[in-house]
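Asker: Residue numbers (my numbering), protein chains in the order written: chain A, 1 to 90; chain B, 1 to 574.
Hints listed in this document are in silico derivations from the structure and should not be mistaken for laboratory results. Among these hints, one or two may not hold up.
Computed, partial: chain A to chain B, Cβ under 10 Å [what the hints assert, rightly or not]:
| # | residue |
| --- | --- |
| 1 | GLU13 |
| 2 | GLU29 |
| 3 | MET33 |
| 4 | ARG36 |
| 5 | GLU38 |
| 6 | TRP65 |
Where chain A lies over chain B, by a calculated footprint (3+ residues, C-beta under 8 Å) [what the hints assert, rightly or not]:
| # | segment |
| --- | --- |
| 7 | 51-57 |
| 8 | 308-321 |
Each residue gets a CB set at the ideal place from its N, CA and C atoms; glycine is no exception.
Listed below, chain by chain, are the residues.
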Amino acid sequence: MSHQFQLFARPAEGSLERILRTVRARGFEVQDMSVRLEGGRYHVRLRVGGQRDPGMLARQLEKLWDVEHLAALQAAPEAREPMGSRVSAA
Amino acid sequence: MPADADTASPHRSPDGRPGNGAWAVLEVLKRHQVETVFGYPGGAIMPLYDAMAQDASPIRHILTRHEQGAAFAANGYARASGRLGVCIATSGPGATNLITAVADAHMDSIPLLVITGQVPTSLLGTDAFQETDVLGLSLPITKHSYLVRHVGELEAVLEEAIHLAQEGRPGPVWVDIPKDVQLASVRLSGFVPGVKAAGEAGTPDEDALERAHELLAAARRPVIYAGGGVALGHAVPAFRDFVARTGAPVVTTLKGIGLLSPDDPRNLGMLGMHGAPCANRAVQAADLLVVVGARFDDRATGRLAAFAPEAQVIHLDVDPAEMAKLRPPEVALVGDLNHLLPRLARPLAIEAWRDQCARSRQTEGFRLPPQRPEGGFPALRFLDALSRRAGDQTYVACDVGQHQMWVAQYYGFSHPRRHLTSGGLGAMGFGLPAAIGAQLAHPDARVVNVSGDGSFMMNVQELATLGRYGLPVKIVLFDNQYLGMVRQQQALFYEGRLSSVDLSDNPDFVQVAQAFGIPARRFEGADAMEAAIRACLETPGPLLLHLPIEREQNVWPIVGPGMSNDQMIQEDVA
């Protein structure tokens, strides 16, 4: 199953590698990715495949210090969001 | 830019004081009240060591005998003190030797600042002597990491790194500094960036709090499942008040041991693979789990699908990424436990359940087995007796293996910070350098390293550090001449085929210690226990106690691979 994310990240050294290794290490594979440097930050569009909860991956990506904003572009049907407070890394 | 910089690289500023990047590192550390650092010098970090040599009011530098020892000592310092640990090494092998201890800090959320030298920027990417891609190596094992290419960035990077290591969910942050950046001239601005906390949770969700209250009020069999996040969040008093107000039974992870007194009737002990039967049974029967600063680690849960099958979950943690990572909670409360726990603390009408758990604690808590006359030195009884006589202010740093579980089961801790253990990574070799760090954090406290013959050899060189600084650490070395935990699992789960676990060619540990200038004594047999305890408690200075134990002693109970926590093996069938 595919999931799409859009995120903005500081263009710090290693920030794209962190994003990619988080995707891999959390059990997903990159299916498509585009990166543009816009206004002094990376604008990343990412499509990943995997059987795990994409909400889990989103939270792990948001946790990266370089990631300033993340949005899921495609809702995941099986994702179960717990009720409660959410925190953005922005 | 927060600092003025040029690349003229005068080693000294016009007034004669070092004014280069290396000097700036020390100044920023002092700004944050760093008093002790652990390290090992080498080519690419020499400017920093030179700055230390010229510093009129130097930070205390502890020279270990291996970079891994330095990082584990800083790790132990941070665990025992709750403060930032700092370790320093050179590029290449210096940096790679740090990795195990940094990974350990990452797994256990320990605030660590890692500083390494790097080859000069002009040589980066050329496969230069002692060049490794430290930033790349650091990515999976740090909270964040930096390669500082310009001295003008150095102050802001260090400020951010120190902040990040300690804020929210703590962790290691690595700053890699090329040699020319260390040598470049810089003037500090004193500017402290206003860094927003990544784990800052703001105001708790009121709807979620209300839902949590509803679940708590409706629960008939609630259990509090608490982990290392409580002490890391400096929330032990708030946690204890929460338990007192609710009266709910408590199980803890390995890192949560000490959150409640071992004698507290609500304390059911450690859960999981080697947990107390009463703890595992309570969780399996619970209709509500209140998870506080814990993360559903597989060693705690056993087979996740069968873990607490009847329970709804309220999960409290500072890290939003822990929510639904493994077990989706009915209510997620993200934030500072000091703020969240008081909002949930109300008395619960669960007298029957509380009584049931208290009875179970009496019958299915950890029990000392009968001592067999031929059974060698009584390790479990020794740990039980030592904990009763050593006092609440004793710090115990374990290594990894059977002895680690025996400490968790039989040593009664009064606070999680007294128990230094490599929980997530399970890194053999942790214990001795971590004990050194704890002793330096608490010079007047009693510090004991409990080790096994396998683990001890992994950082045995740090006996030299112990001797150099005259630290009164006591080393309790249980020697079964096996990699005991691996042997036990081969015996139980691999049809008894023992493979590469025999250590019967161990050196004479008493002679080894003495060769490093550390006094050492051997205590053999059950009758030697009292003398060993007295030696441990009464000997001034460092001491190694070599304690040969029964070779095939096991850790009980044990939950086998892929099994659920209600399938504990409790009998010695190996």
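Asker: If a hint holds in the structure, say so; if it doesn't, say that too.
Answerer: Against the structure, the hints come out as follows:
no. : hint    : result
1   : GLU13   : holds, 5 Å
2   : GLU29   : violated, 17 Å
3   : MET33   : violated, 17 Å
4   : ARG36   : violated, 22 Å
5   : GLU38   : violated, 22 Å
6   : TRP65   : holds, 4 Å
7   : 51-57   : violated (count 0)
8   : 308-321 : holds (count 4)
Checked against the numbered hints listed earlier, the structure breaks hints 2, 3, 4, 5 and 7; every other hint is satisfied.
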